[in-house]
Amino acid sequence: EPEVTQTPSHQVTQMGQEVILRCVPISNHLYFYWYRQILGQKVEFLVSFYNNEISEKSEIFDDQFSVERPDGSNFTLKIRSTKLEDSAMYFCASGGLAGGLTTQYFGPGTRLTVL
Amino acid sequence: AQTVTQSQPEMSVQEAETVTLSCTYDTSENNYYLFWYKQPPSRQMILVIRQEAYKQQNATENRFSVNFQKAAKSFSLKISDSQLGDTAMYFCAFIFSGAGSYQLTFGKGTKLSVIP
Numbered sequence: 001e002p003e004v005t006q007t008p009s010h011q012v013t014q015m016g017q018e019v020i021l022r023c024v025p026i027s028n029h030l031y032f033y034w035y036r037q038i039l040g041q042k043v044e045f046l047v048s049f050y051n052n053e054i055s056e057k058s059e060i061f062d063d064q065f066s067v068e069r070p071d072g073s074n075f076t077l078k079i080r081s082t083k084l085e086d087s088a089m090y091f092c093a094s095g096g097l098a099g100g101l102t103t104q105y106f107g108p109g110t111r112l113t114v115l
Numbered sequence: 001a002q003t004v005t006q007s008q009p010e011m012s013v014q015e016a017e018t019v020t021l022s023c024t025y026d027t028s029e030n031n032y033y034l035f036w037y038k039q040p041p042s043r044q045m046i047l048v049i050r051q052e053a054y055k056q057q058n059a060t061e062n063r064f065s066v067n068f069q070k071a072a073k074s075f076s077l078k079i080s081d082s083q084l085g086d087t088a089m090y091f092c093a094f095i096f097s098g099a100g101s102y103q104l105t106f107g108k109g110t111k112l113s114v115i116p
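Residue numbers (the working numbering), protein chains in the order written: chain V, 1 to 115; chain D, 1 to 116.
Do not rely on the hints blindly, as some may be mistaken.
[Said to hold, decoys possible] Keeping only pairs whose Cα atoms sit at most 16 Å apart, straight-line, the calculated EDC-like set for lysine to aspartate or glutamate is:
| hint | chain 1 | residue 1 | chain 2 | residue 2 |
| --- | --- | --- | --- | --- |
| 1 | D | K78 | D | D26 |
| 2 | D | K73 | D | E17 |
| 3 | D | K108 | V | E44 |
| 4 | D | K78 | D | E61 |
| 5 | V | K42 | D | E10 |
| 6 | V | K57 | V | D71 |
Honestly, the hints are just simulated from the structure, not real lab data.
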């Protein structure tokens with residue numbers, strides 16, 4: 001069964017450093033998402049991506065964040081200058097053969113620790 | 001704004017028994033989907049079950065079933081014959097198609113412990 005994959009599983013970085021989190025969505029999906037979950041809290045939407053552009057972003061997704069689909073398979077989230085409060089689990093999700101109102105399938109997550 | 005409320009922060013159930021997790025939501029939309037996701041200690045988000053709002057029939061997936069009450073905006077999850085592997089956080093989530101927005105809105109979760 002196809003699944004969403006994410007690398008790395010755990011990333012430790014120093015405050016102020018740039019990180020890139022990588023995702024490979026399910027191959028025939030058209031919509032891609034990043035969500036964040038701070039430890040002990042609920043999952044929060046960051047950004048959605050469709051047709052090679054951002055379709056929606058939340059207040060959390062400020063200028064420090066960017067997303068890219070550099071080729072036909074990868075979907076990346078970049079944080080330019082990490083802050084302590086960026087420490088969280090980051091989930092990539094994909095969904096939608098047509099239209100976005102459909103099931104989103106999540107990857108296993110990347111645990112980001114900012115020191 | 002759409003909101004999802006899970007009023008039970010923690011619950012426990014004996015192995016092989018049945019448990020029901022509650023979820024209510026608030027929306028003015030008519031076309032939407034509802035989901036239950038499971039998050040075990042590994043923290044991966046696993047889809048348990050989904051319900052389309054236009055369907056009157058309650059969704060079922062093996063031991064998991066929902067009680068969807070559209071007028072009451074209620075979407076509870078019933079787990080039958082609970083197993084130790086069901087121990088996890090359970091998140092209720094909502095998605096609608098308003099203005100091209102397809103983001104999931106999650107509740108705060110219910111921590112379920114299955115006791116041997």
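Sort out which numbered hints this structure fails and list those numbers smallest first. The structure breaks hints 1, 2 and 6; every other hint is satisfied.
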